[in-house]
Amino acid sequence: MKLHEYQSKQLFAEHGVPIPRGEVAETPAQVRAIAEQLGGSVAVKSQVLVGGRGKAGGIRLAKSPEEAEQLAAAILELEINGLPVRKVLVDEASEIVTEIYLGVTNDRTQGTPVIIASAEGGIEIEEVARDHPEKIVRAWVDPLIGLRDYQARNLAAAMELPRQHWGEFSRMARGLFDTYWSLDATLAEINPLVITREEKLLALDGKIVLDDNALYRHPELEELRDLDEEAPSEREARGHGLSYVKLDGNIGCLVNGAGLAMATMDVIKGLGGEPANFLDIGGGADAEKVAAAIQIILSDPDVHAMMFNIFGGITRCDEVARGILMALEEVSREVYLVTRLVGTNEELGRRILAEAKMDTASSLVEAAEMVIAASKVSVSE
Amino acid sequence: MKLHEYQSKQLFAEHGVPIPRGEVAETPAQVRAIAEQLGGSVAVKSQVLVGGRGKAGGIRLAKSPEEAEQLAAAILELEINGLPVRKVLVDEASEIVTEIYLGVTNDRTQGTPVIIASAEGGIEIEEVARDHPEKIVRAWVDPLIGLRDYQARNLAAAMELPRQHWGEFSRMARGLFDTYWSLDATLAEINPLVITREEKLLALDGKIVLDDNALYRHPELEELRDLDEEAPSEREARGHGLSYVKLDGNIGCLVNGAGLAMATMDVIKGLGGEPANFLDIGGGADAEKVAAAIQIILSDPDVHAMMFNIFGGITRCDEVARGILMALEEVSREVYLVTRLVGTNEELGRRILAEAKMDTASSLVEAAEMVIAASKVSVSE
Amino acid sequence: MSILIDKQTRVLVQGITGREGLFHASQMMDYGTQVVAGVTPGKGGDWVLEGKIPVFDTVERALAATGANCSVLFVPARFVMDAMFEAADAGVPLVICITEGVPIQDMMKVRRYLDQEGVRLVGPNCPGLLTPGESKVGIIPGHITDPGSIGVVSRSGTLTYEVLYALQLRGLGVSTCVGIGGDPINGTGFTDVLQMFEDDPHTEAVVMIGEIGGSEEERAAEFISSSMTKPVVGFIAGRSAPPGKRMGHAGAIIEAGSGMAADKIAALQSAGVRVAEHPEAIPALLS
Amino acid sequence: MSILIDKQTRVLVQGITGREGLFHASQMMDYGTQVVAGVTPGKGGDWVLEGKIPVFDTVERALAATGANCSVLFVPARFVMDAMFEAADAGVPLVICITEGVPIQDMMKVRRYLDQEGVRLVGPNCPGLLTPGESKVGIIPGHITDPGSIGVVSRSGTLTYEVLYALQLRGLGVSTCVGIGGDPINGTGFTDVLQMFEDDPHTEAVVMIGEIGGSEEERAAEFISSSMTKPVVGFIAGRSAPPGKRMGHAGAIIEAGSGMAADKIAALQSAGVRVAEHPEAIPALLS
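Protein chains in written order, with our numbering: chain A, 9 to 389; chain V, 9 to 389; chain L, 6 to 292; chain W, 6 to 292.
Note that these hints are calculated values from the structure, not bench results.
Treat the numbers as computed from the prediction; the structure is a model and nothing was measured.
Glycine residues also receive a C-beta, built at the ideal position from the N, C-alpha and C atoms.
There could be a bad hint or two in this list.
[As the list claims (entries may be wrong)] As a list, the in silico SDA-like pairs of lysine to any residue whose alpha-carbon atoms are at most 20 Å apart: (1) W:K250 x V:E107; (2) W:K250 x V:L195; (3) A:K277 x L:L119; (4) A:K10 x L:A286; (5) V:K215 x V:P73; (6) L:K250 x A:E238.
[To be verified] Sample of chain W residues lacking proximity to chain V, with all beta carbon distances greater than 10 Å (derived): (7) G50; (8) D94; (9) I145; (10) I149; (11) D204; (12) G219; (13) P247; (14) G256.
[To be verified] Partial pick of chain L residues on the chain V-facing surface, computed with a CB cut under 7 Å: (15) D35; (16) G47; (17) G50; (18) D51; (19) T63.
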């Protein structure tokens with residue numbers, strides 16, 4: 009779960025990381041009021057959960073409350089990478105001397121948190137990693153001990169930060185790590201961390217991604233979820249315990265298992281089809297869950313054909329077949345469907361579906377070919 | 009630093025450990041009021057920082073507020089192991105079915121915390137350890153991880169606690185460990201932890217000892233220090249950064265280094281003298297610190313003679329000698345003093361003292377013999 | 006021969022009285038696995054599965070009574086970190102964690118601790134292990150594969166079954182199948198298992214099934230290139246996955262331009278691995 | 006010959022710009038110790054002690070530049086846990102912590118971590134090490150002892166000096182003197198050092214100076230009885246100490262009837278150790 013900049017920065021502040029004074033607004037008039045209160049220049053920053061806000065004109069500087077109001081009006085009309093801007097953060101503007109990158113994430117290879125810092129802040133860290141890998145410094149954190157003070161200090165030293173800022177930088181690194189660790193984040197990032205003309209260090213922009221599996225430990229964070237920022241179909245899938253990702257194609261996929269679901273999409277794409285979604289119904293999916301999954305797939309108007317790929321494993325295929333038939337009864341919209349069933353009693357399962365006039369296939373490739381053919385027919389109709 | 013029962017239990021409660029309802033009082037009238045409020049039988053418990061309160065009559069049960077008032081009057085007159093009772097805790101009485109011991113301390117050998125539990129509660133755990141070692145169960149806690157839930161549960165299983173109490177017992181063990189760990193305690197103990205007739209688990213009595221070296225992390229705990237419970241001379245020594253323990257003899261000792269101070273006392277005792285104190289002035293003691301130490305030693309009226317044993321090491325003995333002379337100038341009361349000085353420039357140091365008509369010795373045994381002889385003269389005078 | 010588990014493996018099931026635990030314990034027994042004990046705190050003294058398997062309150066007691074040397078966990082995600090610590094502290098040398106949805110922070114702690122204590126962990130969020138004809142520890146269906154000389158290692162569940170089934174249809178048997186799980190931070194990795202297969206005299210070739218996310222496949226490619234003599238056939242799922250979207254598995258996500266299928270396939274190919282276009286194409290590449 | 010330190014030991018001083026650190030670094034250099042670097046965060050680039058010793062901001066940099074293989078810490082108690090972690094993580098194999106007043110919880114964490122990383126720790130709250138004529142790392146006065154064949158190990162500071170001095174007066178030299186410190190939880194213990202002296206061909210006899218509190222002397226007695234061939238002379242301070250009172254050292258306290266001098270003396274004696282009545286009586290027992 010991704011948090012907005014304003015939410016992330018608020019959480020940083022609660023862990024002792026200094027942030028600019030600022031407030032969130034939803035209308036240009038509110039922006040003007042906030043700018044007046046902050047007294048002076050402000051930054052007006054769109055709050056959407058995608059990257060590229062700057063390039064899209066979603067972050068602007070205003071010299072006066074009037075200008076802030078005007079800019080906010082424009083920004084609140086924007087749509088950035090498909091997402092309409094609903095909120096803006098109005099921050100006191102800072103005179104920036106230096107921009108630094110500081111982030112914490114989990115290192116999959118080491119199995120530990122890693123703090124990453126770079127004197128080249130303000131741009132994507134991946135860009136720095138590609139162009140100036142020598143400008144990135146890292147410290148791995150023992151998950152049983154947490155960040156040690158000396159590590160934060162060593163980062164400052166390794167970045168060749170002027171010595172008078174080591175103390176404050178270390179405090180910010182510790183605050184950032186505390187945020188990451190205490191909230192079960194998978195990413196906590198300050199970019200840029202700026203040094204202002206007054207020699208103050210500030211988290212000018214912030215980003216937090218939370219570990220969904222650990223959200224149960226932080227019920228207060230669940231309230232920060234911005235439902236507007238999530239596709240309704242993905243939200244509904246989550247409610248049913250389904251893993252669903254909408255894509256741009258026209259072939260709906262329903263598969264049990266994430267790896268198999270990806271492989272199914274790959275086969276369809278490889279054979280010239282266009283998958284409309286990733287959908288993993290998980291293990292032991294019952295008729296009710298299958299029905300929900302079908303509804304979600306069909307809520308995408310682009311879907312012209314569907315393929316079910318169920319590897320029964322221990323589950324009996326005749327039960328799966330009956331579940332599919334029951335589920336389909338509840339569905340109104342009719343599109344082509346081919347089902348591939350493998351596992352215990354697979355012949356019986358296929359016979360049940362065949363008797364209900366459903367197409368079945370025995371191999372993945374065969375099923376993919378059938379659904380692709382059907383999707384092209386549907387499209388050409 | 010030791011905490012009172014009422015302080016300890018309050019801290020336990022803040023970490024989720026259930027304790028009886030109760031309040032502290034300093035007069036019999038207050039006790040009556042509290043007992044009336046608690047409505048029913050109460051325990052009136054003297055709050056002094058020594059063991060043996062029960063045997064000394066410092067813990068009594070009252071069936072009515074009137075009885076509580078009478079008992080409190082008696083208890084507040086008591087002196088237990090030399091300490092006058094100034095406060096009592098008035099706790100709601102419980103109908104006790106089972107008494108359990110549960111404590112956490114640091115295991116010096118393993119270098120980790122150890123939780124100790126026993127179904128034989130209500131008596132000193134050392135007694136159980138001696139008479140029924142098989143009734144004690146232990147769990148060592150990894151200091152980098154903290155107490156794991158399974159360990160708390162395993163203790164309950166190992167004690168053969170009835171299964172319906174495992175959950176609550178585990179919660180109490182975790183709460184006790186949290187108290188111990190978050191406060192930098194060296195001991196946190198619930199004895200007894202009782203199961204009441206209503207099948208509730210309660211910390212009936214509690215004890216916490218804090219790590220003095222870690223008190224700086226817990227300024228709020230420093231306020232719990234009961235100055236009345238500390239000998240004034242020991243309190244003053246602490247204020248000067250001196251380590252002082254009053255004993256029953258008549259030979260004052262001033263030594264640099266704890267081990268050497270003990271050895272000095274041992275030699276005095278071994279040769280028939282009686283040390284009046286342990287006093288370690290630490291390293292690099294200046295004249296001011298020596299003067300404070302002498303004042304503290306002489307505040308004990310039993311002291312009839314003094315021995316200084318200073319192993320100069322890197323410090324120059326002539327400096328030490330001058331420091332002693334300066335310090336003595338500030339002292340009014342005159343008692344016999346022999347100084348033993350060893351280290352760089354020891355001859356010069358001894359000469360300086362000799363010129364000031366002070367006795368000196370070159371060996372520890374010689375110095376001890378001199379001070380013992382003087383102490384006997386003083387006593388017989 | 007096989008790796009990690011065989012006929013002698015004595016299996017403890019943590020969480021045996023839960024629905025999943027009980028069902029799969031029964032499936033394991035039917036397969037011939039030596040299931041010797043279960044643990045569910047508070048249920049010690051019970052017997053389950055037609056009175057054949059004793060249940061203990063603690064792993065320590067289960068080990069003392071039954072000599073189990075492998076534990077498989079069907080414990081809910083919220084409690085599974087503690088259960089893994091318990092298994093490790095009780096001295097279980099091989100811990101298989103089936104549970105999915107384990108918080109990453111918990112896994113970081115567990116992995117650090119188990120590494121340091123020398124305990125081998127497989128999982129979490131994995132289907133477990135299967136040595137055909139000898140033992141299955143986990144949830145891999147037993148009837149879709151037969152004994153043989155192909156080692157299989159995979160980050161996935163049903164995709165692995167798909168591959169096992171494709172091998173079976175062509176008459177190719179398996180030495181051991183290891184599901185290492187789809188989480189970003191887990192215990193045993195590809196490289197560990199590849200090393201074991203390389204050292205196992207009865208494994209003649211290896212099938213490695215990866216997916217998008219992370220860089221484990223790239224490191225495996227390096228290992229294959231530097232240290233493996235046996236042929237390896239690979240498959241990488243997720244070529245059609247868009248960046249920034251988590252494909253079901255917590256670990257299957259293309260982030261900041263890394264973890265892409267194309268890069269993994271290229272790395273494997275340059276290490277001499279034959280990479281299949283789709284799962285059903287794997288058997289042909291083994292001959 | 007000696008244990009732990011010798012002429013080759015290259016010493017880093019953590020906290021070198023503090024009063025104590027600077028003074029004792031100078032003393033160590035005067036003794037002939039190879040002091041190669043100091044660390045004080047924020048003072049990197051300075052040179053101290055007549056411009057002879059470079060100061061670094063981090064232990065990592067100090068090691069890279071000077072090849073130090075031992076670190077001695079004069080860091081204030083509040084920061085010393087972090088400094089020990091830093092030394093261990095930078096790869097220092099031998100850490101000597103002079104600092105006193107370290108919280109017990111910090112020591113529990115450090116000890117667990119350094120044990121697991123294979124780093125030897127001496128102290129805290131100890132006078133350090135001295136190999137007469139070769140190297141001193143810590144604060145033991147150099148002039149009160151000469152090279153020889155007696156190994157000395159002690160929980161105390163000035164009491165150790167007392168013993169070294171008594172040995173010197175009788176012409177007895179020392180192979181190495183190890184102050185293990187007076188805290189309840191510390192790094193290297195009696196048994197570790199006794200083992201090293203037993204293995205050191207140039208140590209012919211050992212003097213062990215214990216005190217009240219804990220049970221380390223009892224365990225040392227067991228070790229002496231089971232594993233030592235060289236003669237050991239002992240002294241235990243605190244026979245006249247009352248129970249329940251901490252005698253200066255955090256570790257010197259008789260608690261709940263254990264840790265008494267009489268028990269320790271009895272244990273040592275039954276292990277064949279000759280226990281001295283007072284420090285000055287030790288030399289006579291060595292002949």
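Okay, the hints, checked on the actual structure:
{"no.": "1", "hint": "W:K250 x V:E107", "in the structure": "29 Å, violated"}
{"no.": "2", "hint": "W:K250 x V:L195", "in the structure": "15 Å, holds"}
{"no.": "3", "hint": "A:K277 x L:L119", "in the structure": "41 Å, violated"}
{"no.": "4", "hint": "A:K10 x L:A286", "in the structure": "38 Å, violated"}
{"no.": "5", "hint": "V:K215 x V:P73", "in the structure": "27 Å, violated"}
{"no.": "6", "hint": "L:K250 x A:E238", "in the structure": "12 Å, holds"}
{"no.": "7", "hint": "G50", "in the structure": "29 Å, holds"}
{"no.": "8", "hint": "D94", "in the structure": "14 Å, holds"}
{"no.": "9", "hint": "I145", "in the structure": "8 Å, violated"}
{"no.": "10", "hint": "I149", "in the structure": "7 Å, violated"}
{"no.": "11", "hint": "D204", "in the structure": "23 Å, holds"}
{"no.": "12", "hint": "G219", "in the structure": "5 Å, violated"}
{"no.": "13", "hint": "P247", "in the structure": "7 Å, violated"}
{"no.": "14", "hint": "G256", "in the structure": "7 Å, violated"}
{"no.": "15", "hint": "D35", "in the structure": "30 Å, violated"}
{"no.": "16", "hint": "G47", "in the structure": "6 Å, holds"}
{"no.": "17", "hint": "G50", "in the structure": "9 Å, violated"}
{"no.": "18", "hint": "D51", "in the structure": "12 Å, violated"}
{"no.": "19", "hint": "T63", "in the structure": "5 Å, holds"}
Hints 1, 3, 4, 5, 9, 10, 12, 13, 14, 15, 17 and 18 from the earlier list are contradicted by this structure; the remaining hints agree with it.
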